[in-house]
Amino acid sequence: MKERIDKVRKSLTVVAHLLRKEFLQIFRNKGMLPIMFVMPFIQLIILANAATFDVPEVPFHLQDFDRTALSDRLVKRFTSTGYFKMTGESFRQGNAIGVLTGNRADMVLTIPKDFEQEMMTTGHAQVQLLIDAEDGFTAGVIQGYANDIVTAFNRDLPELLPQLAGTQIVQPVIDIQSRGWYNPELVYIDYMVPGVLVVLVTLIGLFLSGMNVVREKEIGTIDQINVTPIRRWQFITGKLLPFWIIALGELTVGLIIARAIFHVPMLGHYYVIYLVAAIYLLVVLGMGLLISTVTESQQQAMFIAWFFIVIFVLLSGLFTPIQSMPHWAQNLTLANPVRHFVDIMRRVMLKGSNLGDIAKPFGILGLEAVVMLALAVNRYRKTSE
Amino acid sequence: MAEAVIQTEKLTRKFGSFTAVDEISFSVASGEIFGFLGANGAGKTTAMKMLTGLLAPTSGEATVAGFDVYRETESIRRNIGYMSQRFSLYDDLTPRENIRFFGGIYGLGSSELREKGERLLDSLDLQESADTRLAALPLGWKQKLAFSVALLHEPKLIFLDEPTGGVDPVTRRRFWDMIYDATDRGVTVFVTTHYMDEAEYCDRVSIMVDGRIAALDTPAMLKKQFAAETMNEVFIQLARPAKRGEG
Ligand SMILES: Nc1ncnc2c1ncn2[C@@H]1O[C@H](COP(=O)(O)OP(=O)(O)OP(=O)(O)O)[C@@H](O)[C@H]1O
Ligand SMILES: [Mg+2]
Chain Y
1 MKERIDKVRK
11 SLTVVAHLLR
21 KEFLQIFRNK
31 GMLPIMFVMP
41 FIQLIILANA
51 ATFDVPEVPF
61 HLQDFDRTAL
71 SDRLVKRFTS
81 TGYFKMTGES
91 FRQGNAIGVL
101 TGNRADMVLT
111 IPKDFEQEMM
121 TTGHAQVQLL
131 IDAEDGFTAG
141 VIQGYANDIV
151 TAFNRDLPEL
161 LPQLAGTQIV
171 QPVIDIQSRG
181 WYNPELVYID
191 YMVPGVLVVL
201 VTLIGLFLSG
211 MNVVREKEIG
221 TIDQINVTPI
231 RRWQFITGKL
241 LPFWIIALGE
251 LTVGLIIARA
261 IFHVPMLGHY
271 YVIYLVAAIY
281 LLVVLGMGLL
291 ISTVTESQQQ
301 AMFIAWFFIV
311 IFVLLSGLFT
321 PIQSMPHWAQ
331 NLTLANPVRH
341 FVDIMRRVML
351 KGSNLGDIAK
361 PFGILGLEAV
371 VMLALAVNRY
381 RKTSE
Chain E
1001 MAEAVIQTEK
1011 LTRKFGSFTA
1021 VDEISFSVAS
1031 GEIFGFLGAN
1041 GAGKTTAMKM
1051 LTGLLAPTSG
1061 EATVAGFDVY
1071 RETESIRRNI
1081 GYMSQRFSLY
1091 DDLTPRENIR
1101 FFGGIYGLGS
1111 SELREKGERL
1121 LDSLDLQESA
1131 DTRLAALPLG
1141 WKQKLAFSVA
1151 LLHEPKLIFL
1161 DEPTGGVDPV
1171 TRRRFWDMIY
1181 DATDRGVTVF
1191 VTTHYMDEAE
1201 YCDRVSIMVD
1211 GRIAALDTPA
1221 MLKKQFAAET
1231 MNEVFIQLAR
1241 PAKRGEG
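One line per chain: the protein sequences are Y and E, in this order.
In this text, residue positions in the first sequence follow our numbering: the first is 1, and each later residue adds one.
In this text, residue positions in the second sequence follow our numbering: the first is 1001, and each later residue adds one.
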């Protein structure tokens, strides 16, 4: 028994030596440090702030079936902000989609008949926003503007309708043509940041691990390692663990920035996010290692890593809602780990989903982690064929 | 002759249809300095990689330290040291860190590592530069350090692939003093080189031409056999018909 413990300890010491060496090298690599610690956060801030790029004067179409003082007030709110410009009005049901598809407006605001009546009697009413989501980005911004306006309107309701008791609210139901959004009350930035965080972690993980082993091949030191009695699992653990730790560190900083700078809500639990991230990173790092073992130069590795990142991000639902993709692409996204992690991040942060709610995408990630690591371990050979 | 530490029989390695190493058979005795000569591209590195378990042979047999190169590569690894042709230590680590890392992955304990490391730095006169990154050290020092690091785990057999490439004769001579010190401790040395003066330092030399062993004997016998004054003349006579290489 004591012997066995001794053996395990010795084994782990070897891994510790590898870890130590990797960290020393990482922190001495002048080219790598900025990639790891500066770029991600600049990216985060730029990408997420894309939301504040103004989308000037959104043309909108009005369908006011109520035509009361209250509905008029709401419409005025839209036209007086400078964000929206009314380009047409109609009173025929079902006209809305035609307006959108005909590109005559980017949004249709529909106020149902009895809007005011409903509000007076139940303290509760609905309006419908139909947003052209062809361009997911613009749609997000429009949605953000519209939400702000409706929220402000809600706040002012007691003044507008003094005959109502204080607590009445308008419940806006925002109906977007592409139903890709979980959280209708969401502003664009809340929606983007969790996804951008996933991309950051993925970039870091895939690039660092993808370049690492192939770098040793380039320098020639890999032979010197392969000729030692080091075991495959020790080598792979020693190579992946540093980047796993670094990526989780980046995620942490990212989450802090999301909270402190972007005020993105966190309705779920952090432990869920870390648990998923821990598994997700195994997929990404395993993949990086796999790339590293099948390439001969850092350039090749970088090229392949980029290729996958681009595909993964395009098919992740980050910028383009998955529902608006062609059918074949939708099916492809099911195999995309980025898609699942983006999905989980949004659900946990914005909807407060717990582990049970995300069991399916989490399960897929777990499966992918096992496959990826098995492939990577299998492809890494101390003796080349 | 003492027992064979390396024994090969028609050992062959092909890359596609190209035969890099072509049915080489030889044996290396315990305690010997065995010189492995050949022009560029003759197949020296390829042969050495098969013997060290880095490259799978295509056909033929070989045992190293009594272990089979196909099935027992892990046992071979535990029993040999290796200094690859390309520089084998980490340039972005210091001598002390390199010693610690390589000693560590060979399983040396921390007190042993510290003790051996200090002794090594002393003997190489490297204490002053022990915490300077290797990149800043002269090549000759780096080679000596790499050699010592390859011996940290006290293997009985060491493979050196052009260990002295690119340094001046004086530095090379010092390196060979270290090789002799190692053989005094009973280490068998398998070394490739381009320098014919170094061939004279070996107990026996094999000369490889286009993947085959063209001659194998002691330097004295080879010179006699080819009626040559120096190993250089022997080498030129043998290598002239070679098809590979820069010529
Ligand atoms: N992985 C490989 N794939 C294809 N050909 C290879 C490979 N490795 C080596 N070769 C070829 O095999 C031949 C022998 O190469 P090797 O490196 O063993 O020569 P060498 O004797 O060590 O030469 P040098 O003195 O230049 O180090 C060369 O022609 C080389 O191009
Ligand atoms: Mg060579």
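FYI, nobody ran anything at the bench for these hints, they're computed from the structure.
Heads up, a few of these hints could be off.
[Unchecked claim] Calculated cross-link-like contacts (lysine-lysine; reagent style DSS-like; alpha-carbon spacing at most 25 angstroms):
#1 E:Lys1116 to E:Lys1142
#2 E:Lys1142 to Y:Lys10
#3 Y:Lys351 to Y:Lys10
#4 Y:Lys382 to Y:Lys7
#5 Y:Lys382 to E:Lys1010
#6 Y:Lys30 to Y:Lys76
#7 E:Lys1014 to E:Lys1156
#8 Y:Lys351 to Y:Lys382
#9 E:Lys1156 to E:Lys1116
#10 Y:Lys217 to E:Lys1142
#11 E:Lys1156 to Y:Lys10
#12 E:Lys1156 to Y:Lys7
#13 E:Lys1142 to Y:Lys30
#14 Y:Lys382 to E:Lys1224
#15 Y:Lys217 to E:Lys1014
[What the hints assert, rightly or not] Which chain Y residues stay away from chain E? Per the calculated CB distances, all over 12 angstroms, these:
#16 Gln43
#17 Asn95
#18 Pro112
#19 Ile225
#20 Gly238
#21 Thr333
Don't be surprised by glycine CBs; every beta carbon is placed ideally from N, CA and C.
Are the Cα positions of Lys1142 (chain E) and Lys10 (chain Y) separated by 25 angstroms at most?
violated (29 angstroms)
Take a quick look at Pro112 (chain Y) and tell me if its Cβ sits farther than 12 angstroms from every Cβ on chain E, holds or violated.
holds (69 angstroms)
If you draw a straight line from the CA of Lys217 (chain Y) to the CA of Lys1014 (chain E), is it 25 angstroms or shorter?
Holds, at roughly 21 angstroms.
Is the Cα-Cα distance between Lys217 (chain Y) and Lys1142 (chain E) 25 angstroms or less?
Satisfied, since the Cα-Cα distance of roughly 19 angstroms is no more than 25 angstroms.
Is it correct that the beta-carbon of Ile225 (chain Y) has no partner in chain E closer than or equal to 12 angstroms?
violated (7 angstroms)
Beyond 12 angstroms from each Cβ of chain E, as asserted for Gln43 (chain Y):
Non-interface label on Gln43 (chain Y) holds, nearest chain E Cβ at 27 angstroms vs cutoff 12 angstroms.
Does Lys1224 (chain E) sit within 25 angstroms of Lys382 (chain Y), going by the straight-line distance between their CA atoms?
With a Cα-Cα distance of about 43 angstroms, the restraint between Lys382 (chain Y) and Lys1224 (chain E) is violated, given a limit of 25 angstroms.
Status of Thr333 (chain Y), Cβ more than 12 angstroms from any chain E Cβ:
holds (40 angstroms)
Does Lys1116 (chain E) sit within 25 angstroms of Lys1156 (chain E), going by the straight-line distance between their CA atoms?
With a Cα-Cα distance of about 17 angstroms, the restraint between Lys1156 (chain E) and Lys1116 (chain E) holds, given a limit of 25 angstroms.
Against the 25 angstroms threshold, does the CA-CA distance of Lys1116 (chain E) and Lys1142 (chain E) hold or violate the hint?
holds (17 angstroms)
Between Lys1156 (chain E) and Lys10 (chain Y), does the CA-CA distance stay at or below 25 angstroms?
holds (22 angstroms)
Is the Cα-Cα distance between Lys382 (chain Y) and Lys1010 (chain E) 25 angstroms or less?
holds (23 angstroms)
Going down the numbered hints, you'll see the structure goes against 2, 3, 6, 7, 8, 14, 19, 20, while the others check out.
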